[in-house]
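Sequences and hints are given; from them, build the entire structure.
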Amino acid sequence: MIKKVRTHVSQEEALLFEISSPGKKAYQLPELDVPPVDAASVLGDENVRADIAGFPEVSEVEAIRHFTRLSTHNFAIDYGLYPLGSCTMKYNPRINELVARTEGLAWAHPYQPELLSQGCFEVMAALESALLEITGMDALTLQPCAGAHGEWTGIMLVRALLESRGNARKKILVPDSAHGTNPATAAMCGYSVENIKSNDLGMIDLSVLERAVNEDVAALMVTNPNTIGVFEENIVKACEVLHAKGAMVYMDGANMNALVGITRPGDFGIDVMHLNLHKTFSTPHGGGGPGAGPVAVKQQLEPFLPAPRLKRVGDHWTFDHDRPLTIGKVRAYYGNFGVLVRALAYILAHGGPGLRNATLDAILNANYIRKHLEPHYDLPYKSPSMHECVFSDDRQAAKGVRTGDIAKRLIDYGFHPYTVSFPLIVHGALMIEPTETEPKRELDLFIDALISIACEVDCDPEMVKKAPHLTRTSRVDEVAAARKPVVRWTPAAG
Amino acid sequence: MLDAIGVSSLDNLYSHLPAEVRLNRPLALGPGKSEYEIVDYFRSLGEKNAAGYASFLGAGVYRHYRPVLVDVVVSRGEFLTSYTPYQAEIAQGALATIFEFQTMICQLTGMDVANASMYDGSTAVPEAAMMAMRITGRSRILVSRAVHPEYRAVLKTTARNQQMPVDEFNYESASGMSDLADLDAKLNDQTAAVIVQNPNFFGCLEPVKAVAELAHKHGAMLVVAFTEAVSLGLVAPPADADIVCGELQSFAISPCYGGPFAGIIATKEKFIRQLPGRLVGQTKDSHGNRAFCLTLSTREQHIRREKATSNICTNQALIALMATVFMTVYGKLGLRDLAQQNLAKAHYLGNRVNRRFRASYFNECVASTGARTPAAVNEELLKRKIVGGLDLGRFYPELSDCLLLCATEMARRTDMDIVAEVVGQ
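These protein sequence lines map, in sequence, to chains B and C. 1 is the number of the first residue of the first sequence in our numbering; add one for each residue after it. 1 is the number of the first residue of the second sequence in our numbering; add one for each residue after it.
Just so you know, not all the hints are guaranteed correct.
[Stated by the list, open to error] Computed cross-link-like contacts, DSS-like style, restricted to lysine-lysine with a CA-CA straight-line distance of at most 25 Å: (1) B/K298 with B/K237; (2) C/K268 with C/K307; (3) C/K156 with B/K170; (4) C/K307 with B/K484; (5) C/K284 with C/K209; (6) C/K33 with C/K48; (7) B/K171 with B/K245; (8) C/K270 with C/K48; (9) C/K284 with B/K484; (10) C/K284 with B/K465; (11) B/K484 with C/K33; (12) B/K197 with C/K307; (13) B/K382 with B/K4; (14) B/K298 with B/K171; (15) B/K466 with C/K284; (16) C/K307 with B/K170; (17) B/K171 with C/K385; (18) C/K307 with B/K171; (19) B/K399 with B/K382; (20) B/K484 with C/K268; (21) C/K307 with C/K270; (22) B/K440 with B/K466; (23) C/K209 with C/K186; (24) B/K311 with C/K268; (25) B/K197 with B/K237; (26) C/K217 with C/K186; (27) B/K237 with B/K170.
[What the hints assert, rightly or not] Restraint-style ranges between C-beta atoms, simulated for each label pair: (28) C/G30 with B/Q299: 19 to 27 Å; (29) C/R43 with B/K484: 52 to 60 Å; (30) C/L2 with B/M1: 25 to 33 Å; (31) B/S21 with C/G30: 54 to 62 Å; (32) C/H216 with B/D267: 54 to 62 Å; (33) C/E35 with B/R323: 35 to 43 Å; (34) B/K484 with C/P165: 35 to 43 Å; (35) B/K311 with C/Y65: 29 to 37 Å; (36) C/Q190 with B/D38: 37 to 45 Å; (37) C/E35 with B/G190: 45 to 53 Å; (38) C/K268 with B/P353: 50 to 58 Å; (39) C/L2 with B/G190: 42 to 50 Å; (40) B/Q300 with C/R384: 29 to 37 Å.
The hints are simulated quantities; they were obtained by calculation from the structure and are not laboratory data. Heads up, the beta-carbon is just placed ideally off N, CA and C, and yes, glycines get one too.
Okay, structure coming up:
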């Protein structure tokens, strides 16, 4: 039975280009306090454009209604549980939005004098030191913009260190449970990718690993807990296997929400890793970004970190640009600073004990869901779950219903779907990560919903396969979209 | 809940972790702080920065007024706290706004297709270069020295492991525009792309058409980058380019010490399958209603893995939404008016300093500081509560007697008069 939602009227909204009328405007500029200039005479006729054909022309009230109406067509954490596995969709505290808009920080220019930027330096220095304490690593760069950008930075660092030793080596090992960004990153750094098959527990198989590691291997990219939510219990030995052959271990920090305060990658052998501040440290996903992907390293990789580095001189901070071994800059300026402010605010609000509690609650919530759904859905790997649990659609597939259908039906129950069909080692995966910020009431409703759907699959599989039924937009034809792509509005296409 | 899962205490939730990896002490981060303390902490940090100064810094990051509507829209939880719109049925809000964003970027740049955003302008440049490499099957990149120095730095970092040699061509010392003779001399049948920025780092307009002709004559692609998106309200779009990439920070995105910003990449229809990153397309739902969804994902890492066009996953969606709201508020008339104001302010200032370059400029220009060093001039301005221009010697040794000055619609005439007086004729 659907308990969490009922339908209500929602507003239709056309695209901006369809509601525009000539001459409408939503702005007012101040009166010019200098003489106007004629564009054609100072820029030259050929450099001045005609009006921007098709650009919007709407009034202020039309503009705000447009975006407000469209916003209501979106699901969000603020509506309820958003259990995307490996995405860590936790509540985003609004205090973080407020402080990120602090005038002196939000309007700081990256080239303003360093002595008039000490507040920014302090934000970055405080965040660096907190993240180093959390990860147990030795040094850190805040420059990368997102997880994949951090991965790329990290593997570039590995390559730079190996090159300095005379041999960059040829390949990166990636477990078959890895995120798609891992192999894509390895390729961008000029490495070939070798997939490592997981064992029956869904973990790294040490014997497979030992056979794969040789002098051609630059690094292993590992996610821990891995993408089935299981802590790699052989991680220390796995790192030793790599280190024995002069290779390194990169950790994808996507699942760090399971580890903060209870174990540290730097203590179990990791050489280089990234963090997703937009996952573990609650900076908002914003419909797909911005994120931030700081990269933490052990001392031997420190000389290669992107320039500039923070440096304390006397009673103030400065940038050290004199870094002869650096891989260079991975982004202009110093990173997604506004995201760093939010992450630091989150860390300050929690403190050490609060961060640890968040981890424990995240693990508790995932195990609570696992326990209640296990009688109804196939659990392919029985290893203890950390912050997420992964089922398969094995039982439901017998009725012709796949994980994607169950996900769409979940929408009718008022929940965002879990991660569908990933990781690849689980056929028809349902990957569920509730995070620590969900109250028990929400978890119970979610469990009820998935149990109810399991019953529906038994008695009315065709209904489930056509879900969602209660949304304003029914199932979207993604195949047609890709066959003949329409990626911009035109009067004809509209 | 512990009872339900049969665990006796929270600590036992991770008792299966090997003992040697468990952290047996509290994190040394102190206790949690209250909301008030946190607000106070960041306010005090903000006050340590240059609060209350007028500023004439541009150089890729511009001070433009941010319409109130922008934060109203991006503060809505529906946009702020949603994930990438993979589940189209409950993400039509995000998808429709991205579709509008892609459309407006095409209208602005004169291109046919644009993606959903890149991290920023500096990372969009190497993505454009790699795109050109895939399309042409060639590997050499020629980039103008008048492209933002930090963008070139990021390009070089990326090129390291891509078998993508990057060479630079010079700018003309008199005009400030890219040197076509030097470009012509360096172009050959290995050149995948020529990269220029318009307006360039010095604020000068580039002869884009002529650069395009040269590049195309040698079978190379033309990539045009931009850092000052407001210029596109007035300056002819780079329609002769094959790929346009750039930075939207000017569109209601706070300077924020350099990020988060939003980059764009746009191109011709025929190259759509070589675009990196996310794309939203139009389709229908099962009732026949118009709907939007992420599309052509076979280019992307979660499908194609090591054969993807890029490893980009998370982009800058919320920041792109800021730009979308900005473009909506200003619209067709306003972006032009805004650009006109920038032009007028910058020329008021430019006419009162000793301009180093002859070329037409939009809202930035290079001023010689004569006998005094740029540092000394900036020092003097700071005393008058003004942050001056960028000391160009930092990136161009040959311009160590020059400041890059920017005047947007937010520059006051009285402050410009002070700058003109201090910088001198």
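Here is what the structure says about each hint:
1. B/K298 with B/K237: 18 Å, holds
2. C/K268 with C/K307: 22 Å, holds
3. C/K156 with B/K170: Holds: C/K156 and B/K170 sit about 21 Å apart, inside 25 Å.
4. C/K307 with B/K484: Measuring from Cα to Cα gives roughly 22 Å; hence the hint holds.
5. C/K284 with C/K209: Since the Cα atoms of C/K284 and C/K209 sit roughly 40 Å apart, the hinted pair is violated (cutoff 25 Å).
6. C/K33 with C/K48: 21 Å, holds
7. B/K171 with B/K245: 13 Å, holds
8. C/K270 with C/K48: Violated: C/K270 and C/K48 sit about 51 Å apart, past 25 Å.
9. C/K284 with B/K484: With a Cα-Cα distance of about 12 Å, the restraint between C/K284 and B/K484 holds, given a limit of 25 Å.
10. C/K284 with B/K465: 18 Å, holds
11. B/K484 with C/K33: Violated, at roughly 53 Å.
12. B/K197 with C/K307: Holds, at about 20 Å.
13. B/K382 with B/K4: Distance of about 30 Å is beyond 25 Å: violated.
14. B/K298 with B/K171: 21 Å, holds
15. B/K466 with C/K284: 15 Å, holds
16. C/K307 with B/K170: Between C/K307 and B/K170 the Cα gap is close to 17 Å, so the pair holds against 25 Å.
17. B/K171 with C/K385: Outside the cut-off at roughly 55 Å; violated.
18. C/K307 with B/K171: Given pair C/K307, B/K171 holds - Cα atoms ~15 Å apart, limit 25 Å.
19. B/K399 with B/K382: Distance of about 24 Å is within 25 Å: holds.
20. B/K484 with C/K268: 16 Å, holds
21. C/K307 with C/K270: 20 Å, holds
22. B/K440 with B/K466: Distance ~30 Å between B/K440 and B/K466 Cα, so the pair is violated.
23. C/K209 with C/K186: 18 Å, holds
24. B/K311 with C/K268: 45 Å, violated
25. B/K197 with B/K237: 17 Å, holds
26. C/K217 with C/K186: 13 Å, holds
27. B/K237 with B/K170: 23 Å, holds
28. C/G30 with B/Q299: 19 to 27 Å: 26 Å, holds
29. C/R43 with B/K484: 52 to 60 Å: 53 Å, holds
30. C/L2 with B/M1: 25 to 33 Å: 28 Å, holds
31. B/S21 with C/G30: 54 to 62 Å: 57 Å, holds
32. C/H216 with B/D267: 54 to 62 Å: 57 Å, holds
33. C/E35 with B/R323: 35 to 43 Å: 38 Å, holds
34. B/K484 with C/P165: 35 to 43 Å: 38 Å, holds
35. B/K311 with C/Y65: 29 to 37 Å: At roughly 35 Å between Cβ atoms, C/Y65 and B/K311 fall inside 29 to 37 Å, so the hint holds.
36. C/Q190 with B/D38: 37 to 45 Å: 44 Å, holds
37. C/E35 with B/G190: 45 to 53 Å: 47 Å, holds
38. C/K268 with B/P353: 50 to 58 Å: At 56 Å between Cβs, range holds.
39. C/L2 with B/G190: 42 to 50 Å: 49 Å, holds
40. B/Q300 with C/R384: 29 to 37 Å: Since B/Q300 and C/R384 have Cβ atoms about 48 Å apart, the given range 29 to 37 Å is violated.
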